[in-house]
Amino acid sequence: MTQRYVMSIDQGTTSTRCILFDQRGRLVSVTQREHKQHFPRPGWVEHDAVEIWRNLERIGPEALAQAGIGPGEVAAVGIANQRETTVLWDRRTGVPVTPAVVWQDTRTDTLVDELSRRPDAHVVRERCGLPLATYFSAPTVRWLLDDTDGLRERAERGEVLFGTMESWLIWNLTGGPDGGVHVTDVTNASRTLLMNLRDLDWDPVLLGFFGIPRAMLPEIRPSSETYGVARRVLPGVRISAALGDQQAALFGQTCFHRGEAKCTYGTGAFLLLNTGTEPVASTHGLLTTVGYQIGDQPAVYALEGSIAITGALVQWFRDRLGIISTAPEIETLARTVDDNGGCYIVPAFSGLFAPHWRSEARGVIVGLTSYITKGHLARAVLEATGWQTREVVDAMNADAGIALTTLKVDGGMTSDNLLMQFIADVLDVPVVRPMVAETVSLGAAYAAGLAVGYWPDLEGLRRHWHRAAQWTPAMDPKRREDEYDNWRRAVERAFDWIKPTAG
Amino acid sequence: MPGPVQSIERAAAILRLLAQGSGRLGLSEIANSLGLARGTAHGILRTLQLVGFVEQDEATGKYQLGAALLHLGTSYLDVNELRSRAINWADALAARSGEAVRIGTHLQGKVLVVHHVFRPDDSLQTLDVGMLLPMHATAIGKVLLAYDANAAAAQQDAVKDGELEQFTRRTVRTHREMSRMLATVREHGWASDVDEAGMGEAGVAAPIRGYGGLVVGAMGISGATERICDSGGRPRPDLVGYVRDAARAVSRDLGASRW
Chain V
1 MTQRYVMSID
11 QGTTSTRCIL
21 FDQRGRLVSV
31 TQREHKQHFP
41 RPGWVEHDAV
51 EIWRNLERIG
61 PEALAQAGIG
71 PGEVAAVGIA
81 NQRETTVLWD
91 RRTGVPVTPA
101 VVWQDTRTDT
111 LVDELSRRPD
121 AHVVRERCGL
131 PLATYFSAPT
141 VRWLLDDTDG
151 LRERAERGEV
161 LFGTMESWLI
171 WNLTGGPDGG
181 VHVTDVTNAS
191 RTLLMNLRDL
201 DWDPVLLGFF
211 GIPRAMLPEI
221 RPSSETYGVA
231 RRVLPGVRIS
241 AALGDQQAAL
251 FGQTCFHRGE
261 AKCTYGTGAF
271 LLLNTGTEPV
281 ASTHGLLTTV
291 GYQIGDQPAV
301 YALEGSIAIT
311 GALVQWFRDR
321 LGIISTAPEI
331 ETLARTVDDN
341 GGCYIVPAFS
351 GLFAPHWRSE
361 ARGVIVGLTS
371 YITKGHLARA
381 VLEATGWQTR
391 EVVDAMNADA
401 GIALTTLKVD
411 GGMTSDNLLM
421 QFIADVLDVP
431 VVRPMVAETV
441 SLGAAYAAGL
451 AVGYWPDLEG
461 LRRHWHRAAQ
471 WTPAMDPKRR
481 EDEYDNWRRA
491 VERAFDWIKP
501 TAG
Chain B
1 MPGPVQSIER
11 AAAILRLLAQ
21 GSGRLGLSEI
31 ANSLGLARGT
41 AHGILRTLQL
51 VGFVEQDEAT
61 GKYQLGAALL
71 HLGTSYLDVN
81 ELRSRAINWA
91 DALAARSGEA
101 VRIGTHLQGK
111 VLVVHHVFRP
121 DDSLQTLDVG
131 MLLPMHATAI
141 GKVLLAYDAN
151 AAAAQQDAVK
161 DGELEQFTRR
171 TVRTHREMSR
181 MLATVREHGW
191 ASDVDEAGMG
201 EAGVAAPIRG
211 YGGLVVGAMG
221 ISGATERICD
231 SGGRPRPDLV
241 GYVRDAARAV
251 SRDLGASRW
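One line per chain: the protein sequences are V and B, in this order.
Heads up: the first sequence at position 447 corresponds to 447 in full-length UniProt numbering, and the numbers run straight through without jumps.
Heads up: the second sequence at position 80 corresponds to 80 in full-length UniProt numbering, and the numbers run straight through without jumps.
Please keep in mind that the hints were generated in silico from the structure rather than gathered at the bench.
We put the beta carbon where it would ideally sit given N, CA and C, even for glycine.
Errors might be hidden in some of the hints.
Some but not every residue of chain V turned toward chain B, in silico, with C-beta under 10 Å [said to hold, decoys possible]:
| no. | residue |
| --- | --- |
| 1 | GLY25 |
| 2 | THR332 |
| 3 | ARG335 |
| 4 | THR414 |
| 5 | SER415 |
| 6 | ARG433 |
| 7 | ALA468 |
| 8 | TRP471 |
Listed below are the simulated DMTMM-like cross-link pairs for lysine to aspartate or glutamate, each with C-alpha atoms no more than 25 Å apart in a straight line [stated by the list, open to error]:
| no. | chain 1 | residue 1 | chain 2 | residue 2 |
| --- | --- | --- | --- | --- |
| 9 | V | LYS478 | V | ASP428 |
| 10 | B | LYS62 | B | GLU9 |
| 11 | B | LYS62 | V | ASP319 |
| 12 | V | LYS478 | V | ASP394 |
| 13 | V | LYS36 | B | ASP253 |
| 14 | V | LYS36 | V | ASP147 |
| 15 | V | LYS499 | V | ASP109 |
| 16 | V | LYS374 | V | GLU492 |
| 17 | V | LYS36 | V | ASP109 |
| 18 | V | LYS374 | B | ASP78 |
| 19 | V | LYS478 | V | ASP338 |
| 20 | V | LYS36 | B | ASP57 |
| 21 | V | LYS374 | V | ASP482 |
| 22 | V | LYS36 | B | GLU58 |
| 23 | V | LYS478 | V | GLU492 |
| 24 | V | LYS36 | B | GLU55 |
| 25 | B | LYS62 | V | GLU34 |
| 26 | V | LYS478 | V | ASP339 |
| 27 | V | LYS36 | V | GLU57 |
| 28 | V | LYS36 | V | ASP48 |
| 29 | V | LYS374 | V | ASP338 |
Taking the hints into account, I'd like the entire structure generated from these sequences.
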């Protein structure tokens, strides 16, 4: 039987999706299932890893049925996943020993403070390229090992396994307790704070720093390589790729050359720039991370600018203020006025991420006068995403020493024409949207298809990329500078709001 | 003459009930007030919820009037919402057909382009979003004229004033020609324009429907006549199929069940 399709599994923060692609990278079928978000205490965010696995058991076969095919016609499956979310499970029973701790969870903030004050804390950034923050997996694993009696001993004996979502799903797909393969890929491993960025292996110094036993960790493999064959859900299908979702989007946007960048606009926004086969250390508040690794080729690195709140500000406008009833209406409302009327919103809801990394900052609305209408506020909401992108792009240009010439965009907010035009205006470079908006899924599919020879090479994949829309800068340079200056002054007003607690 | 439709009468009664007093009622309260079986009341409430006339509070399970009812007078589907819901299918249509895709709605006797996907050949193209197109000379416009009563009324006023604007010698000219053309569109469920808006240009479009089949816009491809049409000058059946499939897929996502 000819293998005509490649499947991707996108295990995201709010849902899991299965998509089948054909040889030309076109979408054939889509299935999706949301999972519950658990908020047991303020600052805690958890998922049920079993619920996510059950969802995959359901939507995988559904995607095949929708296309009217059997697993025999699928050449390979690739996985893209929410990054950093931590699962610990029992090797013998396959049952998670704690709820999965999501990347948004801040339960480790005290632990992270303590760790940062240690004299040897500098080893973290030196060896893994990332700052010590609650966002990454290692502090979470440490916290869980400390929190549950006997867990550390079981982990040391290799009875309890750690994995991010792709590890958990691959282990289950390949048999679970019955011979499941315990692996992760370089991009996901690069987000744990435990992997040496140059060796691409677990770093003994970092394992020692965080007190995490090696026996519980998965084997680190390239992003595009066959890890095993599925025995459940998609029996007989090769599992041939895994990437963190943002890296998958970089791959799906075919940013294979040094200097190419993409930005994915969702709840937050993530701008990744391909920096080639050498990691670039950031001096401007960006993260150094692995972009992808194909088979035994050298790994390709990336600089990442993470913006915490972009689409989430629109959601806040909709759900908390109730000014609009659906997210796309923000554009309709913003178009009722010609400009922001002098109003700026800095959405530092939980501090500011790149390039500032100010956890004590909080959101501000500045420039309010009796002239301001909800239309001006809607503009300010959209412009906040544009200016935050500009700040990250400026940092990238400074760190990488090469100026961005085009920004490839994807994600839900790319359907907002006003926003896309504004981003082109403030960056002063063209903004282009590719024809397949599902770049995360496409990237996982590309990496999987590449591993099994379904697609021959990267250049072949590049030929699938087509421009669906392009926005060209049209803002007067003087106005751009004035507005940017206003934005920067607004950001300064968001700083230093939360006072440090005494002691 | 057929008698009143019972379920509509009951739905109206439920809306009146919810519009009174506190405005939040449970299923039993509603069923008891109207003397309906719980199952019957629940079925009607579910349907009203589906079309947005009723909302259910997640925590209490109680029902209240929906936001869609309050905005009944304004546009039923925001154009930016329409774009957001259609974007994946529009991309897929462009990839499959190899042509540019546009989605249009009716605005004061014209077609307003609300979404545009470039022809996937990476040639230089500019976004047409926000542009106004003539109704009578474009496939999208013809679909809107055929299915959107308000669009048709606006156009009829224009025809009364005289001849329709001529872009080529093939542009439809008179009211009678147009009526005949629109009857064909309704019969086939899709529309085309061939050398009517400009020589050498052609398009195919199909309706996008929401709940109950209400046409909220039209989606179509456009490009060079020699690519869109076969040697007989008719739109290629495979392209027509792609356009109709894509428009149906968007309609299904918007809640149109039968199309």
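Now the hints, each set against the structure:
1. GLY25: OK, holds: GLY25(V) within 10 Å of chain B, min 8 Å.
2. THR332: holds (5 Å)
3. ARG335: holds (9 Å)
4. THR414: This hint holds: THR414(V) lies near chain B, its Cβ roughly 8 Å from the closest one there, short of 10 Å.
5. SER415: The hint holds - SER415(V) has a Cβ within 10 Å of chain B, the shortest such distance being about 4 Å.
6. ARG433: holds (9 Å)
7. ALA468: holds (5 Å)
8. TRP471: OK, holds: TRP471(V) within 10 Å of chain B, min 7 Å.
9. LYS478(V) / ASP428(V): holds (12 Å)
10. LYS62(B) / GLU9(B): holds (21 Å)
11. LYS62(B) / ASP319(V): It holds: about 19 Å lies between the C-alpha atoms, which stays within 25 Å.
12. LYS478(V) / ASP394(V): holds (18 Å)
13. LYS36(V) / ASP253(B): Given pair LYS36(V), ASP253(B) holds - Cα atoms ~23 Å apart, limit 25 Å.
14. LYS36(V) / ASP147(V): holds (24 Å)
15. LYS499(V) / ASP109(V): It holds: about 16 Å lies between the C-alpha atoms, which stays within 25 Å.
16. LYS374(V) / GLU492(V): Holds, at roughly 24 Å.
17. LYS36(V) / ASP109(V): holds (24 Å)
18. LYS374(V) / ASP78(B): holds (17 Å)
19. LYS478(V) / ASP338(V): Roughly 17 Å separates the two Cα atoms, so the pair holds.
20. LYS36(V) / ASP57(B): holds (18 Å)
21. LYS374(V) / ASP482(V): holds (23 Å)
22. LYS36(V) / GLU58(B): Between LYS36(V) and GLU58(B) the Cα gap is close to 15 Å, so the pair holds against 25 Å.
23. LYS478(V) / GLU492(V): This hinted pair holds, its Cα atoms lying about 22 Å apart.
24. LYS36(V) / GLU55(B): Holds. LYS36(V) to GLU55(B) sits at ~22 Å (cutoff 25 Å).
25. LYS62(B) / GLU34(V): holds (24 Å)
26. LYS478(V) / ASP339(V): With Cα atoms ~15 Å apart, LYS478(V) and ASP339(V) stay inside 25 Å; holds.
27. LYS36(V) / GLU57(V): holds (16 Å)
28. LYS36(V) / ASP48(V): holds (8 Å)
29. LYS374(V) / ASP338(V): The hint holds at about 13 Å.
In this structure, none of the earlier numbered hints is contradicted; all agree with it.
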